[in-house]
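Visitor: Okay, here's what each chain looks like letter by letter:
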Amino acid sequence: MATNYGPVEIAGVIAVIGVLTYACRLSFIALFGRLDEIPPVVERVLRFVPAAVLAALVLPSFVTLDATGFAADKFVAGALAAGVAWQTEDVFATMVTGMGVLWAIRFLL
Amino acid sequence: MDTTAFRRGVRDVAPLLLGIIPFGLVAGIATVNAGLGLPAAVGLSVVVFAGASQLAALELLGQNAPLTVVVATAVVINLRLLMYSASIAPYFRDFTSRWKAVLAYVLTDQAYALSVANYRSDSEADRKWYYLGVAVTLWAVWQVTTVVGALLGTGVPDAWGLEFAIPLVFLAILVPAIEDAATGVAAVVGGAIAVVGAGLPLNLGLLVASGVGITAGVLTESATGGTDGD
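These protein sequence lines map, in sequence, to chains A and B.
So in the numbering used here the end of the first sequence lands on 109, straight run, no missing numbers.
So in the numbering used here the end of the second sequence lands on 1230, straight run, no missing numbers.
These are calculated hints, taken from the structure and not from any lab test.
Incorrect hints may appear among the rest.
Just the calculated beta-carbon pair ranges, DEER-fashion [unchecked claim]:
hint, chain 1, residue 1, chain 2, residue 2, range
1, B, D1180, A, L108, 36 to 42 Å
2, B, F1095, A, F107, 51 to 57 Å
3, B, Y1119, A, E43, 26 to 32 Å
4, A, V41, B, L1151, 44 to 50 Å
5, B, D1122, A, L65, 49 to 55 Å
6, A, Q87, B, V1148, 37 to 43 Å
In this text, a Cβ means the ideal position worked out from N, Cα and C, and glycines have one as well.
Please model the entire structure based on the sequences and the hints provided.
Guide: Right, dumping it as structure tokens:
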């Protein structure tokens, strides 16, 4: 899994993501005075962005349905890590559990 | 400079570093795994400075996804910063434009959450310097850990499956983002469609899944009457 893109393309992508991300950060901080609050419609949609996007990023890493076949080690590690995340809401505990289970299955079983 | 407020910010953010340090190391290692060098690792961390989107961009670059998809995905992940910007803006209203520009650059999930909680608690601490104590600490730790991760990255064997740490980080951020039934529906629908659509060309599965998940959440909220804002 290594990129074929060259340094110029990579730098360009970083710059564009950086500018757009900064625009998100600065948006309302800069606008206040001219615009007093975030439009309710925008706020309603934005509320669902983290849950939908993060779930779409996470689930395919735990559950594979494509040609490479079902990876049981990742599924089990992901499920247990999800339980820990639910109980603790702690990034570190979640990572330790997930990686620990994955390594236990791969190296000990 | 109000050193008392700044130090209080540093002290309040310290426990959160336990989560930030491994996250930063993973972001650095992921840069190497994606076939990018140290300059790209530093560039991403300094220019973008948003962990989840950095990891997503690296994952997609490593798969040679189209650059528009890389950018779109990273930016969608960072749209939540709009909410933080809107929420914290009233507290920054009286600062100069130049300060606003600086404060915005270091706006993160943690800086937002800690600062707004502090402002709402009627704390006496100076707003600007408390925020900078939190945010600048996070910034510095993030830069150092991503560089260390990028330097260590090449030495880690493939069998360790370190790239698996990335979805684990996302998972830990995802769980608190599920606050009610509607956000739960958004997550379940988004996740399920992403699994089914994982084979789609151009990594479109992720964007389609996100879009449908968000729509499902909005519709669920409408159907159940919603919480009427806050």
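Visitor: If a hint holds in the structure, say so; if it doesn't, say that too.
Guide: Right, here's what the structure says about each hint:
1. D1180/B / L108/A: 36 to 42 Å: Between D1180/B and L108/A, where Cβ atoms are some 39 Å apart, the hint holds.
2. F1095/B / F107/A: 51 to 57 Å: Since F1095/B and F107/A have Cβ atoms about 53 Å apart, the given range 51 to 57 Å holds.
3. Y1119/B / E43/A: 26 to 32 Å: At roughly 20 Å between Cβ atoms, E43/A and Y1119/B fall outside 26 to 32 Å, so the hint is violated.
4. V41/A / L1151/B: 44 to 50 Å: 46 Å, holds
5. D1122/B / L65/A: 49 to 55 Å: 52 Å, holds
6. Q87/A / V1148/B: 37 to 43 Å: Violated, at about 30 Å.
Comparing the model with each earlier hint shows violations of hints 3, 6; every other hint is respected.
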